[in-house]
Amino acid sequence: GESVGLHLPTLSVQEGDNSIINCAYSNSASDYFIWYKQESGKGPQFIIDIRSNMDKRQGQRVTVLLNKTVKHLSLQIAATQPGDSAVYFCAENRRDGNEKLTFGTGTRLTIIP
Amino acid sequence: ETGVTQTPRHLVMGMTNKKSLKCEQHLGHNAMYWYKQSAKKPLELMFVYSLEERVENNSVPSRFSPECPNSSHLFLHLHTLQPEDSALYLCASSLVKRDEKLFFGSGTQLSVL
Chain A
1 GESVGLHLPT LSVQEGDNSI INCAYSNSAS DYFIWYKQES GKGPQFIIDI RSNMDKRQGQ
61 RVTVLLNKTV KHLSLQIAAT QPGDSAVYFC AENRRDGNEK LTFGTGTRLT IIP
Chain B
114 ETGVTQTPRH LVMGMTNKKS LKCEQHLGHN AMYWYKQSAK KPLELMFVYS LEERVENNSV
174 PSRFSPECPN SSHLFLHLHT LQPEDSALYL CASSLVKRDE KLFFGSGTQL SVL
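Chains as they are written, first to last, in the numbering used here: chain A, 1 to 113; chain B, 114 to 226.
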C-alpha cells in the first residue's frame with residue numbers, strides 16, 4: 001500500500017559531525033517532497049523541499065537528496081549543533097488529482113555534546 | 114514564532130465535557146488545517162478549510178466539530194471524547210490550499226480521562 005516511512009526511529013550523532021536521515025516512499029506518483037523539523041513542545045517547522053525533477057537541493061547546512069529510481073529521500077545535516085536535536089519528518093505529495101500531504105512517522109535525532 | 118498561535122497549550126477533560134481548541138494565524142493565509150499527532154504515528158489530517166469553506170473532512174468522528182468564522186481563526190469543538198482521542202492537536206495554515214509549505218502552531222496537548 002501507499003506509505004511514507006523512515007528507516008530508523010532514532011539517530012544519535014556527535015556534535016560537529018554530519019547526520020543523514022533517510023526516508024522511503026512507495027507512491028510513484030509522488031512529485032514533491034518536504035522535510036519538517038519538530039522540536040520538543042513545538043509544531044513541525046518546514047526545513048527544505050524538493051521536486052521530482054531534481055536530484056539534489058541545498059540549503060543552509062542541509063541538503064536533500066532524491067533518488068526516484070529506488071524511491072528514497074534523505075536529509076543531510078552538516079556540522080550538527082545541539083539545536084538540531086529534534087524529530088525530523090519527511091512528507092510527500094502527488095499531483096494525481098488527490099493532492100494530500102502524507103507524512104512519515106519521524107526520526108528522532110539526538111546531538112551528543 | 115511561526116505566526117500560528119494555538120490555545121490552550123494543554124487541556125485535560127473528562128469524556129462528558131465540552132471544550133474548544135482555538136487557532137489564530139497572522140500570516141494572511143487562506144487555508145487552515147487541523148492535524149492529530151499521536152505517539153509513533155504519522156500526522157493525521159483531520160480537516161481543511163480554504164477561504165473559510167470546509168473542503169476536506171477525513172472521516173473524522175462527529176465528536177470533533179470544526180469551525181472557521183474567518184480566514185484567520187479556526188476552532189475545534191470537542192464533545193464526549195474518548196480516551197483514545199488523547200493526542201497533540203496541531204493547527205496549520207498555508208497561503209493557499211495547494212501549498213504544501215505548512216506553518217504549524219505549537220499544538221494543544223489533549224488528555225481525555
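It should be emphasised that the hints constitute simulated quantities derived from the structure, not laboratory data. Note that the coordinates shown come from a computational prediction; the quantities given were computed from them, not determined experimentally. Treat the hints loosely; a few may be bogus.
The following label-pair restraints were derived from C-beta to C-beta distances [claimed, not checked]:
id: 1; chain 1: A; residue 1: Ser28; chain 2: B; residue 2: Asn171; range: 21 to 31 Å
id: 2; chain 1: B; residue 1: Ser133; chain 2: A; residue 2: Asp17; range: 18 to 28 Å
id: 3; chain 1: A; residue 1: Gln14; chain 2: B; residue 2: Ser178; range: 45 to 55 Å
id: 4; chain 1: A; residue 1: Glu39; chain 2: B; residue 2: Pro121; range: 41 to 51 Å
id: 5; chain 1: B; residue 1: Arg167; chain 2: A; residue 2: Gln81; range: 36 to 46 Å
id: 6; chain 1: B; residue 1: Ser133; chain 2: A; residue 2: Lys42; range: 20 to 30 Å
id: 7; chain 1: B; residue 1: Asn130; chain 2: A; residue 2: Ala79; range: 21 to 31 Å
id: 8; chain 1: B; residue 1: Thr120; chain 2: A; residue 2: Asp55; range: 36 to 46 Å
id: 9; chain 1: B; residue 1: Val125; chain 2: A; residue 2: Ile112; range: 31 to 41 Å
id: 10; chain 1: B; residue 1: Ser172; chain 2: A; residue 2: Asp31; range: 20 to 30 Å
Cβ atoms here follow ideal geometry from the backbone N, Cα and C, with glycine treated the same way.
Hint by hint, here is what the structure shows:
Checking the proposed 21 to 31 Å range against A:Ser28 and B:Asn171 shows it holds: the Cβ atoms sit about 23 Å from each other. For the hinted restraint 18 to 28 Å between B:Ser133 and A:Asp17, the CB-CB distance of approximately 45 Å leaves it violated. Roughly 48 Å separates the CB atoms of A:Gln14 and B:Ser178, a value that falls within the hinted 45 to 55 Å. As the Cβ distance of A:Glu39 to B:Pro121 is approximately 20 Å, the hint placing it in 41 to 51 Å is violated.
Roughly 41 Å separates the CB atoms of B:Arg167 and A:Gln81, a value that falls within the hinted 36 to 46 Å. Here the CB-CB span from B:Ser133 to A:Lys42 is close to 22 Å, well matched to the stated 20 to 30 Å. Evaluation of the 21 to 31 Å hint for B:Asn130 and A:Ala79 yields a failure: the beta carbon distance comes to about 48 Å. The hinted range of 36 to 46 Å is satisfied by B:Thr120 and A:Asp55, whose Cβ atoms lie roughly 43 Å apart.
For B:Val125 and A:Ile112, the hinted distance range of 31 to 41 Å is satisfied, since their beta carbons lie about 35 Å from each other. Separated by about 26 Å at the C-beta atoms, B:Ser172 and A:Asp31 satisfy the suggested range of 20 to 30 Å.
When held up to the earlier numbered hints, the structure conflicts with 2, 4 and 7 and fits the remainder.
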